[in-house]
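Asker: Join these two chains into a complex; the hints should help.
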Amino acid sequence: MSPCGPARNPASRRIVPFVVMLALLAGLGAAGARAAAAPAGQELMIRVVRDVLNMDPAHITTTEDHSLAFVVYSGLVKLKTGSISEIEPDLAIRWEISPDGRVYTFQLRRGVKWQKGYGTFTAADVKYSIERIMDRRTGSRFRGDYALVDRVETDGDYAVRIHLRQPFPAFLTSVLAYRPGLIVNQRAVTEKGEAYVSDPIGTGPFVFERRVPGQRMVLARNPDYYGNAGRLARVTFKIIMPDPLAEIALRTGEAQLAYIDDPEIQRRVMRQQNLRHEIIDSIRTYMIYVHLGKKPWSDVRVRQALMYALDRQAIATHVMRGMAKPANSILNPNVFGYSAEDAYRHDPQRARALLAEAGVRGARAELYTANIIKLPDMAAVIKENFKAVGVEMGINIFEFALWMQQTRGERHDLSLTANARIDADQYYFPLLHSSARPYPNASHYMAIDREIEAARVAVNPAARRDLYARIHRKLLEDVPMLPVVYPRFVMAMRPEVQGAKMGPTITYNLADISIKQ
Amino acid sequence: MSVYVLRRLLTAVPTVLGAATIIFLIIHLIPGDPVLVILQEHFSRESYDAVKGRLGLDRPLYARYLAFLGNAARGNLGQSFRTKRPVAENIADMFPFTAQLAVAGFLVSLAIGLPMGAVAALHRGRLADVAAMGGALLGVCTPSFWLGVLLILLFSVHLAWLPASGAGEFNDPASLLRHLILPAVTVGLQGAALQARITRSAVLEALGQDYVRTARAKGLSPGVVLRRHALRNALIPVVTVAGMDMARLLGGTTVVEIVFSRPGIGKILVDAITTRDYPQIQGILMVYITLIVAINIVVDLLYAAVDPRVTYA
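Respectively, the protein sequence lines represent chains A and B. Just so we're aligned, residue 1 is where the first sequence starts under the numbering used here, counting upward by one. Just so we're aligned, residue 518 is where the second sequence starts under the numbering used here, counting upward by one.
Think of the hints as simulated: they come from the structure by calculation, not from any bench. Some clues are possibly wrong.
27 Å max Cα-Cα, derived DSS-like pairs, lysine-lysine [claimed, not checked]: (1) B/K735 / A/K192; (2) A/K192 / B/K569; (3) A/K127 / B/K601; (4) A/K295 / A/K387; (5) A/K116 / B/K601; (6) A/K295 / A/K192; (7) A/K127 / B/K569.
What follows is a set of in silico ranges between Cβ atoms, one per label pair, in the way DEER data are often shown [said to hold, decoys possible]: (8) A/K192 / B/Y579: 31 to 37 Å; (9) B/I547 / A/P495: 56 to 62 Å; (10) B/G592 / A/R50: 42 to 48 Å; (11) A/R136 / B/G587: 24 to 30 Å; (12) B/G570 / A/E191: 52 to 58 Å; (13) A/R165 / B/V674: 55 to 61 Å; (14) A/K192 / B/G570: 20 to 26 Å; (15) A/K192 / B/G587: 44 to 50 Å; (16) B/L534 / A/H318: 50 to 56 Å; (17) A/P495 / B/R591: 52 to 58 Å.
Given the structure is predicted, the values throughout are model-derived calculations rather than measurements. In this text, a Cβ means the ideal position worked out from N, Cα and C, and glycines have one as well.
Just chain B, same shape as in the assembly (with noise of 0.2 Å):
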């Protein structure tokens, strides 16, 4: 195992180099000047020639890439153009509030989405099983900032239950908690209709074969039969689409971010594109680069521990 994990991190070495470079690529050819972006307003040569030279905008795009390299090599992620902060310590501000929203979200998915589509495999074609699939298509379809939208009309304003925007106090859980409420449950409903349609499929199919007859055939009640053999053979798929979706949500909380006027990564990497902030692009792109392939090796060590017959050499 440990042999496996080790070539695996080897690999994603290239990986994420790759996806760097073809980013810094992307990045510089987007059309849109920075410098201009700055200045707005306070247009004028003498201006231009400062702040382009400032940002290092007078080189070529070689000498930029390979100081870029080399920066990245060392941990350093170069300076924010427009807050002139390490970019890694804007990251780093505000990386904690999408982890929070992200993991948030996921167990919500995870919460509601598995039960949901076992409950619809365990009665199929029957009630149970039309009202757990409508209810994950409706989930599927329903876009994530009318539904905060929603729930900020109905829990912050007429019932004045929770806060419709903000983070809450670092010092004090319940704020965070609070806070996070609202804008994880829209975020996993999302997930959890697809958590939900995968569990179903899987577990079907894991009912269907020959040892769920068996131990139902030993007088196993329902319940057991569901939850110690077909659950966890229904895992495997199950456990890749979570991995797919905790990539989504760390990449994709943006929208929800912007609705519930959360900090996060994502408002900051639509400011840096908007912006054309290019070394705060990059790095954000970096880490999440990274953090997916972490995400997909962990998915794949998992399906070890959920399936003994999956051995890694």
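Chain A with its partners taken away, still in its complex shape (with noise of 0.2 Å):
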């Protein structure tokens, strides 16, 4: 190009290239997601930390899954809210249990329409929905939940009778009113094909409007709901991530209702003048597995003087900003079968005679974690109570996934870890029968095996948590795992936010929701 160039208008030179890069910017955008249609009622704006990934209950994963998957679907009963234990009538409208507690049978609803004009419900829905979970080549991660199911059988098309290979009194709370026991629509599911994970169809207050990717969730109320789909018009489930952003969220309007993990943020949420909060016990359990397979944590007595080593209130107090409660089995408060009898206090003192008597000097142990939630910073304390009574501990932190495959491999002698289960069986079952070496039962304990085998198929509510107690005072004598903290999280909300519960699963009531003009 001649140095001296021809004349050009500057003016056009700087405007023009800026215009195409505008449009250029917005039509990266422009990626077809529908125009949202103008409100008409109240709306609420829910935070929640990512992304649906799958919208099927045959494949839910996440919290936010499971939270948009419950006022989409409906099952056959129902948590009522605030309870992990209680149930009632939702597609079913009553149910008996045979005196064996092999079969149930349950009197469905009648006149239950679908959405989007898929038909009315009907039992051949329920029979689908559950052999479907329990059929191989659909891969779900619930198959395991209902491996005690022999067969299920409809009589007619408004009664349904599920018959288990052994009594299952955990069948109705920890299956059918949780993540496994959402129904589908038959039709819906082999039409839609792959397109369905994107795209539900259930029976519950809510319809799935639609999705924009990584952004938001858009439910609308579903006008032939059966029950009470309460006021809201629209319910929009906004992704935003971090716990602070979250915060801010709420102060500037962006969301109106959260739920709020950090206790760091939980403290200053509780603190802001202009938003309301409530507290609640979540149904985690911080704990810690000891290797029983592995010296000298073999010997009762060394895993005893663990337990009075750690100083499960000053975890409680200062690593959860006081937001969580010393914990005294594995099992959370708000499961059925949990005992509140504690044997151990914080008593360094106690845990060094223990260890002398033991004969262990100088022990060190390496403890895995994963570098999730509050872990981490747990495990710091947990090295200084351990350093305190002559065990030295390595801490080793992995990424979730890698903890997960690294705690399987045994090489562990500790693993911090939380776990969140809404039924004894579901805790004792996976993590302390000998069936379930190397992993999920990392402690390899194998003790209790009768004990929980018994539970697991007592029909008798006061016989079955009669033997969770027996199992939970077993368990304080023989320590196979260190019970840390009960967390709680925060549910935070801006003012015009009226009746808002949330239930330990992290379950919205909206149909007792309203939003103050």
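Answerer: Shown next as structure tokens:
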């Protein structure tokens, strides 16, 4: 090009490329989403941590999938808001359990319409939904939850009978009222095929309207819902990842309701004058597996010493900022079968005496944990607790998938984790039954198989509770796992949100929520 | 030129294929079982077998590799383990947001970096130079997540001028722009710092050339000398760095996406790696590789546009 180049209009040279770039920027975002219709009625914006991955009940994985699925779908029964042990009718209006606990007969609600014109709900949908999960080809993560189901029979359009191979008293609460129990429409699933995961069809109080990838999911009230759908016309689940940003979103109005997990942010939100909050006991328990197959941890005195050395109150106060309670059991207090009995207090002197009695000096433990929630912070405090009684501890922090693999590989002496379940059987069977070694029974504990199996099939609730109390006392003696704390979480909301409650499984009572104008 | 382009495109094929193979092997060698990640508290032997079968992980590695190659050749990047949706669809959902942010950040880095570097070169050794290079050093050293949080505090919380999270509405360009400003500035400032330093060096070198001395001797103003002579010839290294910066932006916006809770490829890649979603990881990395190869080709072609001495047979 000549150094003296042709003369050009400098203004157009500046403006035109800028306009082109502006159009390009806007155009790059035009990914074909439909324009939002103008809202009619009350709307609620709920913060969620991540995008919904999958809206097919056979494959729901995350808390977000679960929160959304529970308002789009229905089950035969459902958990009462705020409870994980009391159930109430949903698609089934009444049910009977045979005296031997093996046959569940449900009378179904009539006139229930599937969303988006997919016909009327019948017993065939229940049979299809359960058998679909039981089918290995579906590849459902809930297949094991139905392992005890022998067969499902329909009796006309409005009765269904589920036959179990053995009694399983937790079947209603932990299976049918929970994630595996949501009912799908056979025609919708087979017609939509792979597209079904993004376009669910349920019978719940809200209809899936649209998803803006990575930003939000929008649900509209189901006008045909058989129950009380409440006053909200539309609910948006808005993705706001980090808790600090959720706090900002609540303050600026970008979100109206949010579940906060980080204790530091919980404290800040609770101090906000212009926000309201509720503190909810979660179903999570932080716990440490002790590898009983390795010395010196195979000696019960050493494990008891660790339990005396562990300062659970300090962890609850300082790591969890007071938003947790010391744990006395791996069962969460919300769970059926929980016992409040505790045999341990923070007593380093007693711990040292037990270690001396066991002839252990200069022991070293490798603790494995994952880099999620508060686990690394807890590990640091636990290290100091054990050091004070003469047990050195190395902390090995892995990302979650690697932690699971490492724990399964048995290289750990101790493994710090958190579990959230809704029934005692869901804790004890996978975590402490010998058949679950080496994972998830990372402790390799084998001493209470008979009690766990007996409790699993105990039809009488009082007998079942008594068995779990005996298991708890045995675990207090043997200490295969060290319970640490029970965390709480905070549901924060803007002042215009009325009537909001959250269950410990992070589901929302949308039917009771209204927005004060 | 067209022969050159064709040759570059043909050599890109084995590059992409080789990279795809290495990615496939590395992903499958990373420890961590995707089935366990999906099952978590619902672990049981029955569930494990069912999920493993559905994901195709019960087939030998070579069979999975061949299936992957065959599908990729047909434009099918497979199905995400977690979402069960086509990987291509997940990427197509997110890519526009990442591209928006990368392009906007790129423009910010050029808009700030080029003039800053040019001014620094023109006023070498003086206050403007020191200030510009000091600012550039600060930009390079400032972590993007820290800068992003500061901008949110100032502009979203205290001033309430701009939103703190999200990406805006597709049918509302003003909303898209409002949600883009803070993330783009966060991403662009680091690139601007680098651009400023490279531009300063390149312009200083150009200003030392005989043709610039001649232009000054002819009585041309400093601005004209800079714009018509020095800058044009300084553009080759600047274009090279700009190309690398664009590639960095396309792959490096993850932290900013998380800070501003913006959708994007980076975030779903991090999620995919955390959950060992092999098809998702492969698909996203294949897209990145293809884009980087394409950007390199474009940068090489731009050399010819910028410098008439450069020709491609």
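Asker: So, for every hint listed, does it hold in this structure?
Answerer: Evaluation of the provided hints:
no.: 1; hint: B/K735 / A/K192; in the structure: violated (75 Å)
no.: 2; hint: A/K192 / B/K569; in the structure: holds (23 Å)
no.: 3; hint: A/K127 / B/K601; in the structure: holds (23 Å)
no.: 4; hint: A/K295 / A/K387; in the structure: holds (18 Å)
no.: 5; hint: A/K116 / B/K601; in the structure: holds (22 Å)
no.: 6; hint: A/K295 / A/K192; in the structure: violated (55 Å)
no.: 7; hint: A/K127 / B/K569; in the structure: holds (24 Å)
no.: 8; hint: A/K192 / B/Y579: 31 to 37 Å; in the structure: holds (34 Å)
no.: 9; hint: B/I547 / A/P495: 56 to 62 Å; in the structure: violated (47 Å)
no.: 10; hint: B/G592 / A/R50: 42 to 48 Å; in the structure: violated (28 Å)
no.: 11; hint: A/R136 / B/G587: 24 to 30 Å; in the structure: holds (25 Å)
no.: 12; hint: B/G570 / A/E191: 52 to 58 Å; in the structure: violated (24 Å)
no.: 13; hint: A/R165 / B/V674: 55 to 61 Å; in the structure: holds (58 Å)
no.: 14; hint: A/K192 / B/G570: 20 to 26 Å; in the structure: holds (22 Å)
no.: 15; hint: A/K192 / B/G587: 44 to 50 Å; in the structure: violated (26 Å)
no.: 16; hint: B/L534 / A/H318: 50 to 56 Å; in the structure: holds (54 Å)
no.: 17; hint: A/P495 / B/R591: 52 to 58 Å; in the structure: holds (55 Å)
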